[in-house]
Amino acid sequence: EAQVTQNPRYLITVTGKKLTVTCSQNMNHEYMSWYRQDPGLGLRQIYYSMNVEVTDKGDVPEGYKVSRKEKRNFPLILESPSPNQTSLYFCASSSSVTSYEQYFGPGTRLTVT
Amino acid sequence: AQSVAQPEDQVNVAEGNPLTVKCTYSVSGNPYLFWYVQYPNRGLQFLLKYITGDNLVKGSYGFEAEFNKSQTSFHLKKPSALVSDSALYFCAVRHTGGFKTIFGAGTRLFVKA
Chain A
1 EAQVTQNPRY LITVTGKKLT VTCSQNMNHE YMSWYRQDPG LGLRQIYYSM
51 NVEVTDKGDV PEGYKVSRKE KRNFPLILES PSPNQTSLYF CASSSSVTSY
101 EQYFGPGTRL TVT
Chain B
1 AQSVAQPEDQ VNVAEGNPLT VKCTYSVSGN PYLFWYVQYP NRGLQFLLKY
51 ITGDNLVKGS YGFEAEFNKS QTSFHLKKPS ALVSDSALYF CAVRHTGGFK
101 TIFGAGTRLF VKA
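Just so you know, the sequences run in chain order A and B.
Quick note, the first sequence lines up with residues 1 to 113 if you use this note's numbering.
Quick note, the second sequence lines up with residues 1 to 113 if you use this note's numbering.
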């Protein structure tokens, strides 16, 4: 089954404790992206990757890091989480073959206390 | 700068009536336009897209959208609403020459039986 998986689905952590949210897709998509969803703000793009070892900032990259060492994986790293990063996070993948319609993971709800 | 506006936070319709969810955009060059739907506690699902060609595009679950270049709009429509259409709808735009994707804030659709 074609899918995007994220782990963990729920995470409660404390300020400053480094964490990683994993994302994996099995569709051989070259393009992957991270978004955060906040009420009234819709989805805002954090980082995206056009292919292995190629990443770029979205609209809200501060406080986040990403890496793309393999085509299927695109982890999101919060090295020193703060309460304003409490949000719902989505990973997505897409391909130029289908004109970049995105396939989304199930989401990760992060709470930073 | 790219932007997407969904002017209505909420749309209420009666089952069986036609529905419209509005979207306007601002992007330099030619846009790729998308609609996604989010059901409660779920990730986003792709509904339809406009890339080029016919201004009226048809998508999943009986939805369609009309691209209007002069009004820079891409409104989502359905001739006869179902209660099961109740969800959060997002419009998104992507510049054809770039990789960033901008989402609107979302419109919550309520369909009453």
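It is worth saying that the hints were derived from the structure and are not from the lab.
Keep in mind that a hint or two might mislead.
DSBU-like, lysine-lysine: derived pairs with alpha carbons at most 35 angstroms apart [said to hold, decoys possible]:
hint, chain 1, residue 1, chain 2, residue 2
1, A, Lys71, B, Lys58
2, B, Lys100, A, Lys18
3, B, Lys100, A, Lys65
4, A, Lys57, B, Lys58
5, A, Lys71, B, Lys112
6, B, Lys77, A, Lys65
7, A, Lys17, B, Lys69
8, B, Lys69, A, Lys69
9, A, Lys57, B, Lys112
Each hint tested on the structure:
1. A:Lys71 <-> B:Lys58: holds, 31 angstroms
2. B:Lys100 <-> A:Lys18: holds, 27 angstroms
3. B:Lys100 <-> A:Lys65: The hint holds at about 17 angstroms.
4. A:Lys57 <-> B:Lys58: holds, 32 angstroms
5. A:Lys71 <-> B:Lys112: violated, 44 angstroms
6. B:Lys77 <-> A:Lys65: violated, 38 angstroms
7. A:Lys17 <-> B:Lys69: Violated: Lys17 (chain A) and Lys69 (chain B) sit about 48 angstroms apart, past 35 angstroms.
8. B:Lys69 <-> A:Lys69: Violated - the C-alpha atoms of Lys69 (chain A) and Lys69 (chain B) are around 39 angstroms apart, more than 35 angstroms.
9. A:Lys57 <-> B:Lys112: Violated: Lys57 (chain A) and Lys112 (chain B) sit about 41 angstroms apart, past 35 angstroms.
Consistency with the previously given hints fails for numbers 5, 6, 7, 8, 9, ordered from lowest to highest.
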